[in-house]
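Protein chains: 2
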Amino acid sequence: MEDLIDVCLGRVEADLVLECGALLNVFTGEILEDVLVAVKGGRIAYVGRKANLKAAETLKVKGLTVPGFIDAHTHIDLICTPTEQAGWMLAHGTTSIFTEPDELASVLGFRGLKIFVEEVRRLPLRVYVLIPLTTPQNPEVSTLNVMPLKAYREALKWPEVVGLGETVAWPMITSRKKYYMDKFRLALRVGKLIEGHTAGARNTKLAACVCSGVSSCHEAVDGEQALERLRLGLFLMIREGSLRRDLPQILPELLSRRVSLENAALVTDWVDPADLLEHGYMDYVVRRAIEYGVDPVRAIQMVTLNPARHFRLENLIGAVAPGRYADLVVLENLENPKVKLTLLGGRVVARDEIFLGKLREPRYPRYSLKTVRVHGKLRPEDFKLKPPVEGRVKAFVAKLESEAVTRKTLEEVEAVGGDVRLNGLSKIAVIDRHHGSGRIGLGLVRGFAEVGAVASTLNFDENQLVVVGCRNEDMARAANEAVKFGGGIVLVDGGEVLEALPMPVAGVISMVKLKEASEKLKRVNWKLREAGSRLRKPLNFLFFSTFTTLPELRFTDRGILDVKSGRYLNLFPPQT
Amino acid sequence: MEDLIDVCLGRVEADLVLECGALLNVFTGEILEDVLVAVKGGRIAYVGRKANLKAAETLKVKGLTVPGFIDAHTHIDLICTPTEQAGWMLAHGTTSIFTEPDELASVLGFRGLKIFVEEVRRLPLRVYVLIPLTTPQNPEVSTLNVMPLKAYREALKWPEVVGLGETVAWPMITSRKKYYMDKFRLALRVGKLIEGHTAGARNTKLAACVCSGVSSCHEAVDGEQALERLRLGLFLMIREGSLRRDLPQILPELLSRRVSLENAALVTDWVDPADLLEHGYMDYVVRRAIEYGVDPVRAIQMVTLNPARHFRLENLIGAVAPGRYADLVVLENLENPKVKLTLLGGRVVARDEIFLGKLREPRYPRYSLKTVRVHGKLRPEDFKLKPPVEGRVKAFVAKLESEAVTRKTLEEVEAVGGDVRLNGLSKIAVIDRHHGSGRIGLGLVRGFAEVGAVASTLNFDENQLVVVGCRNEDMARAANEAVKFGGGIVLVDGGEVLEALPMPVAGVISMVKLKEASEKLKRVNWKLREAGSRLRKPLNFLFFSTFTTLPELRFTDRGILDVKSGRYLNLFPPQT
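In order, the protein sequences belong to chains X and Y.
Quick note on this note's numbering: the first sequence kicks off at 1 and runs consecutively.
Quick note on this note's numbering: the second sequence kicks off at 1 and runs consecutively.
To be clear, the hints were calculated from the coordinates, so they are not data collected in a lab.
It is possible that part of the hints are untrue.
Restricting the straight-line Cα-Cα distance to at most 30 Å, the calculated cross-link-like pairs of lysine-lysine (DSBU-like) are [unchecked claim]:
1. Lys484/Y to Lys515/Y
2. Lys157/X to Lys150/Y
3. Lys157/Y to Lys192/X
4. Lys564/X to Lys50/Y
5. Lys205/Y to Lys50/X
6. Lys192/Y to Lys150/X
Note that the structure is a prediction, hence the values are computed from the model and not measured.
Taking the hints into account, I'd like the entire structure generated from these sequences.
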């Protein structure tokens with residue numbers, strides 16, 4: 001603090017003085033010309049007109065200087081390492097993210113959370129952490145180990161922890177489940193936030209969630225839901241990422257009603273490697289918001305000042321102002337927010353969307369690399385559905401409505417030789433890979449792809465060994481290959497491994513570069529579409545297949561879960 | 001929390017359901033019709049359309065329901081008791097205030113702060129407290145006892161303490177004085193705020209203040225100063241109170257530049273009893289802002305959501321939303337924000353600007369009632385100026401430019417019989433009343449009033465025994481009367497006490513009702529104007545006379561302080 005004061009008063013040399021041709025002031029919404037920004041020890045000392053400052057270095061920047069972008073809700077503990085992703089995020093102007101390692105924690109519990117925090121602490125990207133509430137999402141329907149309350153108590157003391165992660169299983173709030181309430185009390189007592197996820201909640205139920213202390217939601221999918229959340233005082237996070245693109249459904253409606261967007265941010269909720277390479281990151285989200293009619297100044301406030309204020313970190317991030325971290329982005333201009341330069345803590349870390357730094361590859365402890373435990377080798381017979389009789393038989397089928405949503409249907413299928421003739425259906429198997437119990441839950445899916453098998457040990461937030469396919473031999477092979485890698489994504493057809501992305505870290509993170517991961521995932525998705533899938537990214541269905549709070553049917557190692565009732569179904573119900 | 005959830009879901013009876021004809025949603029800026037607000041245990045459970053709620057009581061309200069008003073910067077430890085003032089504030093729709101007991105703490109130190117907090121904790125008004133940095137403003141020029149650092153350390157733990165009070169002596173920041181820096185570090189370490197007071201600071205000096213952690217300023221007096229503060233990320237508090245009325249100089253400029261007012265509030269910085277009775281309180285400030293062109297919705301946000309967010313209490317106050325305190329105000333309508341009803345914690349506490357409650361008079365400890373210590377009776381001779389020679393002699397004179405500002409001038413006066421012939425000048429005497437040392441500082445003032453004497457033991461933030469007058473006998477009499485009362489304001493002319501307001505509590509607070517105090521103060525001011533003063537409220541000059549950070553000359557028990565140089569002047573400088 002004293003150093004910054006001294007820089008302002010010309011007593012001490014600034015590390016760097018930026019001479020900005022134009023600077024967006026996010027507080028007033030003005031664009032000011034010829035502004036000096038003096039940096040010392042990574043923080044901003046002075047912002048203003050020409051002044052009598054001393055500087056070790058001066059840098060003239062054309063274009064428009066704005067604060068570094070913030071992603072207020074995302075996930076980075078999957079597919080590639082957080083370290084590998086960080087460089088790309090910085091290249092695209094993002095200097096702070098708020099994230100929760102749902103996958104690492106679901107597989108490794110508190111140790112997973114610790115591994116994550118230790119890695120991100122070393123990154124040249126500010127990673128603010130939320131403690132997952134998905135460990136597991138719902139212990140009543142999951143076989144995952146439960147992260148104990150004392151882990152929350154300890155993690156809430158860590159400096160980068162700003163609160164509890166998303167309340168995916170929000171009906172636990174309305175039903176006042178101890179599983180949630182105990183953790184909420186802990187967080188609120190120490191003044192930390194609870195990040196909402198209140199998909200589909202409305203009226204009295206949504207109000208009840210707000211009563212519980214939940215302070216945001218990123219799950220509004222249309223203008224009406226968004227408006228209701230804003231009205232109730234929730235910080236609205238509007239999502240444009242790889243799993244959902246809600247901007248077009250939300251922004252025009254809010255703009256036409258002329259409601260204030262002070263209390264709203266733009267977030268991604270996850271950008272996969274392919275999208276990160278193709279579109280960019282928060283820079284892309286800002287461009288999209290502008291396309292949908294948001295005033296460019298407001299769009300930038302929605303990824304800077306607004307989220308900083310929500311997380312009560314406006315004294316550190318989200319603005320180019322004295323005392324804040326010198327996290328700055330230089331854009332081409334306001335209409336074309338292409339990132340020309342990213343500075344983090346006053347150092348140039350990226351230029352023209354290229355990360356300039358070199359990051360040491362993270363090392364993961366041995367136990368985090370040996371997490372796939374199955375009960376012996378999988379055999380083709382393990383995937384036989386074993387209908388109770390031969391001939392026509394009724395079975396529950398999950399009809400894919402989208403990558404995330406399934407409908408519960410009852411179909412008549414043909415039982416032959418202890419299995420079912422698929423006729424366009426696919427099988428899904430969820431194999432316990434955490435405890436090696438040998439449990440396999442089997443089910444049927446309509447609308448996937450006519451492919452031998454695809455397996456993944458990444459699936460939110462259960463991360464079981466999931467295999468979807470049409471041939472038992474291929475399913476066994478895909479599963480066994482995934483096990484062999486210590487986790488990963490494997491595509492098999494006709495007995496041949498067509499593609500494989502090993503993800504040895506907790507079975508959810510690969511050590512390959514983002515470009516390689518992107519290529520592999522694109523090829524898998526492409527092949528699945530070639531095999532008949534109409535989904536944009538069919539793999540996303542696997543990722544969502546075990547997500548026990550999405551409608552209507554989900555799959556676990558104990559079988560088919562009817563989400564609404566919370567009950568397990570027999571694949572072949574009593575035949576009438 | 002659980003109770004509120006249960007109310008939303010109809011499992012538990014609400015204490016009260018308000019049926020609001022119209023409600024202003026401060027988040028979106030919308031006015032919504034036919035809205036239910038359900039209250040339980042003083043908090044809001046549900047806000048929204050008709051819902052299946054149970055209610056012990058229902059109340060239909062016409063007019064426009066808005067959140068209870070917040071005064072983000074004021075003072076209530078002077079003239080009347082905080083308890084007496086609270087009722088009037090509630091009557092005018094204010095349900096939360098942020099304040100610092102500068103006067104009680106300057107006289108009684110940490111004990112004064114404790115007395116204050118104990119009193120306001122019992123009030124039906126939410127009083128959030130800042131720890132004064134004015135104990136004293138500047139120990140280098142004050143003879144007051146210094147409140148020790150450990151008092152700050154302890155008080156920062158109290159639940160109602162939100163940070164440090166105004167940084168009146170802000171040059172201590174630019175000069176990095178330990179007196180300030182130690183306290184700043186304490187506050188920032190525990191995540192508390194530092195409220196700014198950066199009168200006149202600009203460019204690099206203002207930036208230095210922001211670097212130190214100061215997060216607001218209520219001292220902008222024109223549009224340019226206001227704009228600079230907003231741009232630097234300071235929370236701008238625009239003042240309309242009894243000591244300054246800055247709205248007209250600030251609002252039109254900001255509005256014409258169309259800068260965002262998200263980061264701004266309307267505050268009073270103190271409303272005296274006369275103004276409170278004549279105009280009202282935050283309701284009046286809102287009306288004034290609307291007169292000066294602020295959109296009525298924004299004006300209300302500036303006294304509700306915006307200050308709540310600044311103080312990081314938006315989960316408790318500043319909005320009608322689930323989980324918040326049920327502090328509500330019903331206005332006639334948006335264009336005429338006259339307060340029809342005030343609810344605090346879901347109870348009706350005022351109707352048609354009349355406070356309905358009954359508050360127990362506060363009891364103050366004996367030591368707080370015996371604070372005026374002078375060295376024996378004051379005699380007329382004590383006020384003799386004792387010029388070094390007889391005849392024409394040069395003397396420093398404080399020329400009143402306003403109630404708060406003086407100019408340093410050197411005048412030739414006539415020395416006769418060991419004193420000075422006043423010829424329109426007034427004498428000012430500052431008598432040490434804290435330690436009974438017998439110290440008296442004497443000076444000359446031009447532009448006050450031709451009156452015998454007026455004395456006050458209330459003066460920011462020294463609270464010495466100040467006497468201003470034209471006749472030594474009257475000055476002695478006024479001083480002695482004030483001492484006799486244990487402090488107060490006394491007007492004497494021609495040997496007769498014309499008016500007296502005893503203020504026995506620390507010499508700064510009276511036990512009389514607000515109406516009586518108002519009448520007395522009005523009469524004193526009226527008589528001073530009758531005696532030639534051109535000031536609107538001449539008493540305010542006495543209140544400001546010892547304020548050691550206002551330009552240009554101030555008075556202390558050690559003599560005349562030249563504020564800019566920080567040096568004491570001889571009333572009669574070496575005659576050349």
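The hints, checked one at a time:
1. Lys484/Y to Lys515/Y: holds, 23 Å
2. Lys157/X to Lys150/Y: Cα-Cα ~25 Å, so holds.
3. Lys157/Y to Lys192/X: holds, 17 Å
4. Lys564/X to Lys50/Y: holds, 26 Å
5. Lys205/Y to Lys50/X: holds, 13 Å
6. Lys192/Y to Lys150/X: holds, 27 Å
Violation of the numbered hints given earlier is absent; every hint is satisfied by the structure.
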